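Protein chains: 4
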Amino acid sequence: MTVSRHRTARWLPRLLAAALVALITPAAAPAQQPPPGGAPSAPAQPAPTQPPPASAGPADPQLIEDLVAANRILAEQGVLDGWGHVSVRHNRDKNRYLLARARAPELVSAEDIIEFDLDSNPVDAKGRALYAERFIHGEIYRARPDVIAVVHTHAPALIPFGISKVPLQPVYHRSAFISGGIPVYEIRQAGGMTDMLIRNQALGKALAATLGDRPASLMRGHGAAVVGPSLPRVVSRSIFLALNATLQAQAMALGGPLTYLDPEEARLIEEREGFGLARAWEAWKQKAMSKR
Amino acid sequence: MTVSRHRTARWLPRLLAAALVALITPAAAPAQQPPPGGAPSAPAQPAPTQPPPASAGPADPQLIEDLVAANRILAEQGVLDGWGHVSVRHNRDKNRYLLARARAPELVSAEDIIEFDLDSNPVDAKGRALYAERFIHGEIYRARPDVIAVVHTHAPALIPFGISKVPLQPVYHRSAFISGGIPVYEIRQAGGMTDMLIRNQALGKALAATLGDRPASLMRGHGAAVVGPSLPRVVSRSIFLALNATLQAQAMALGGPLTYLDPEEARLIEEREGFGLARAWEAWKQKAMSKR
Amino acid sequence: MTVSRHRTARWLPRLLAAALVALITPAAAPAQQPPPGGAPSAPAQPAPTQPPPASAGPADPQLIEDLVAANRILAEQGVLDGWGHVSVRHNRDKNRYLLARARAPELVSAEDIIEFDLDSNPVDAKGRALYAERFIHGEIYRARPDVIAVVHTHAPALIPFGISKVPLQPVYHRSAFISGGIPVYEIRQAGGMTDMLIRNQALGKALAATLGDRPASLMRGHGAAVVGPSLPRVVSRSIFLALNATLQAQAMALGGPLTYLDPEEARLIEEREGFGLARAWEAWKQKAMSKR
Amino acid sequence: MTVSRHRTARWLPRLLAAALVALITPAAAPAQQPPPGGAPSAPAQPAPTQPPPASAGPADPQLIEDLVAANRILAEQGVLDGWGHVSVRHNRDKNRYLLARARAPELVSAEDIIEFDLDSNPVDAKGRALYAERFIHGEIYRARPDVIAVVHTHAPALIPFGISKVPLQPVYHRSAFISGGIPVYEIRQAGGMTDMLIRNQALGKALAATLGDRPASLMRGHGAAVVGPSLPRVVSRSIFLALNATLQAQAMALGGPLTYLDPEEARLIEEREGFGLARAWEAWKQKAMSKR
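Chains as they are written, first to last, in our numbering: chain A, 122 to 413; chain B, 122 to 413; chain C, 122 to 413; chain D, 122 to 413.
If you're looking for bench data, these hints aren't it; they were derived computationally from the structure. Small disclaimer: the values here were computed from a predicted structure and weren't measured. Any given hint might turn out to be false.
[Said to hold, decoys possible] Partial list, derived from the structure: chain D residues whose beta carbon lies under 7 Å from chain A:
#	residue
1	Y293
2	D334
3	L368
4	G377
5	L382
6	E385
7	I390
8	G397
[Stated by the list, open to error] Each computed DSS-like pair below joins lysine-lysine, with the alpha-carbon atoms no more than 30 Å apart:
#	chain 1	residue 1	chain 2	residue 2
9	A	K412	D	K408
10	D	K286	C	K412
11	D	K412	D	K286
12	B	K412	D	K215
13	D	K247	D	K215
For every residue, glycine included, the Cβ atom is placed at its ideal position computed from N, Cα and C.
If we strip away everything but chain A, and leave its shape as in the complex, we get (with noise of 0.2 Å):
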């Protein structure tokens, strides 16, 4: 059912360019080793063979306290895996960005937070293991000044969409963010054969070149990278791309024409995207910072 195999010539220039991108993109720092013999374990990060970047200084309290708060509501709210991540451009350096080291989503607290320059290096990771996939979040920050925070995510209804050929569409107002249509990144184009994962910055740059203006492109076979203006629109963003899916695929399903949102109105919504979304956000807030 799939016919990647007999595209695979086409790709071959790609795979030069992106082996290119690659030998000029300075080497990243080693990413995380496999625990040995299949037992989980967390390895400490080897040391980068270059200094690491100066600090920003401190960041806002309550940027970091909505960075975990935007990690426990995701995970609350099933947009999040244990393996997903979120982080938020640095309040001090457009050039820096904070985002927790390897953990959960919904274990994250302000203690976890690192801070990373736009290559995704650690400014003082102390030890700790990171994110393999920082550089989807140094590469959309690099290419995009508009964008304050980044998601990164398998939430397991946009998958369907992200390896089929119809795309989303805004089927009401939450989601008109959509309308415009949403990418879908295909990892096969800028890397060839991978794991899928977004390992380096070369893998990242493609990513933010597929993503382009967009609030968010799909990633086929993985999941999706998610952007915004602030940490709750992301986590709003998030919470209804993946609502969004669901819902088209339930409308389809019911037959017949279906009538999207007009790019019209998704542009008079858009104009107010934010309009209410404090009282929504505190409610997400307390009911995921009360668990556990």
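Please build the complex by placing chains B, C and D on the supplied structure of chain A, with the hints as guidance.
Here is chains B, C and D on its own, set in the frame of chain A:
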């Protein structure tokens, strides 16, 4: 997949009519502004340009308790997300209704309840933000003297039916009120291109007109408005409107002929729709109020 | 989408028969009245026009405990909504059964349990409201000496099958009791146009006749009646009847030939259907009783 | 909808072969009897007719703790119902494995764990009831030296695929182990008409033969057996085998061509399948162990 653009010409006269209605209708209290910079906040309500309506006096404490319970139940049952709302007509004055300040339903307490007149002006908002779509409530109470309680929901299961041409049909006794049809409100007919929200009296009146004498109206690309002769009834109808949508879609997927409730069966059920509702209400309330 | 109207002529003789049965049958205790004005309340049971039946004496406390557990388990598992019920035959007298007063199953406690005779008259209701549909229990106990416990459910997953022509088939060992077929009770055949409820002995007898010697009967547009030789068995059958419906629909949607249980496989499983049930019962009970 | 009856003739030689295997195989410990009268109970295990196997000595307490966690996690995640089980190979002796007494997984504690030899005889059951299907574990450990942990599940999402002809395909990186195919065990081939349970070594050997070198085998009309090189891996595979089934069905319902993981992608993912698993395990374990 939408045919809406081709129909625009037909709407023009309706748009003109709606514009006229809007001109005649006194300006509503200014709606809540989106938070600056995407950061969530609860902006204070600007002072209205006309004196606030007089209070009908304190409402029955039991009614307030039930209104708080209705908020929590509908959130707990998945019918109300962070943006939905539920109101009840004031027990002392049919020209007043009670609705929470702009707050997520699962967090609403007695002190959040505000009294409104049928123009949806608050008696005393105490500077708190209001639901932008409170006109749904005011205009339905004005048009439907039989209605005691109103719910505005974005229940996911209703969205697919709202954007399709498949009519809701009653699959079982719990949803007998569906018999006779649930209309679908197309905001484009009253407002052309909008941000989908019922932001003023004109749009609220158009919704009430679509609702007619029915117990609910879907709202295309948005959700639904559900009405009833009591809070328990409107809560029950909201829950089972959404459940009926799910079950009807499942039944249709099975294929073959389906036996929906006969109109006479539905009429006989409706005659005693509240029958036994007290025992479901007791369980819903205890479950919802024991949270947090 | 319903063909029911065209079949009305065929039902007429059955309607006459049902009317005759109703004339012969002694009048049941008056059913609970709908609350006035739609406001929920628990009306007291009017005094019956004949002396109440004698008690068989106190039931085994363990049986009462299990009946309470069955109520809570089936609510916790989503099989019973606020209106469903479960009963057990009295351990001292096969002509008596035990059923809660009209209360949501998740709230039922030992003090809510009332003893009934097979005409479904209470021994001593103490003025409390009764389930209007208790005749489901009385008439099945009368017709089926092998039955020890009865569940009346509105489990959502069963509704689509009840209104379609697709027969339930056993998808796996947990639902082997489905082999041989689950009949569908069409209340129009016994009662013509009704409010769908089994409000008297005549309708209860007709349901018992449809059930025959089977472990369950769907009820079109309503739910199902499930029976078993013990409370754990009827609880298990109720859970897996609903789960089978969901899984069969999913399997049918995959398309192509499906391999249901062979009748001989089902027979061999049924021979020891209770096998290992004690361990699921222990877990269900602990989970359900630890709530609230 | 089943073609099984027409194939019976083809099975006869296999039935004879299975019977021969059963004759050669030493009789397993007598299986648990169904409770009398349908009432749940936990019958004591009859004394075996041969001396019990010798113990390999106390297992690593960490392994026991992880086995208890695996039971609770898989119950909490909906993968194990009250009848499923999970085992681990003894850390001191590859010819011994550890499995709970016959108890619902969500209730299993360290004191419930019993040591078995590969014939699935208990070292010391202390009179407690045993899982009738423990032969799944013993025979897979015998046939697969690489396997350290085994799960037997009735996960609902797997049932439709087990009874259909649609092969499972890997929809995303979390389920890369599916690439290469998941076989379906047809118990009729080894045992003809049965009660579907793996009640003896012969049926266990046939299941192990169907499994071959794969990470899992569906079991038609029953569930699945899942294996892995560690408890976290088998837990992860069990969760994502079921999730993949759900997502593949959703993707197929969307229609059109689907891009499953390329075998080479799957191979690269599998090379580091345990990567990052420690952080999901930490979250799963904390959530599951904090209940009750």
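Tested hints:
no.: 1; hint: Y293; result: 5 Å, holds
no.: 2; hint: D334; result: 16 Å, violated
no.: 3; hint: L368; result: 5 Å, holds
no.: 4; hint: G377; result: 5 Å, holds
no.: 5; hint: L382; result: 6 Å, holds
no.: 6; hint: E385; result: 4 Å, holds
no.: 7; hint: I390; result: 5 Å, holds
no.: 8; hint: G397; result: 6 Å, holds
no.: 9; hint: K412(A) / K408(D); result: 10 Å, holds
no.: 10; hint: K286(D) / K412(C); result: 42 Å, violated
no.: 11; hint: K412(D) / K286(D); result: 39 Å, violated
no.: 12; hint: K412(B) / K215(D); result: 49 Å, violated
no.: 13; hint: K247(D) / K215(D); result: 23 Å, holds
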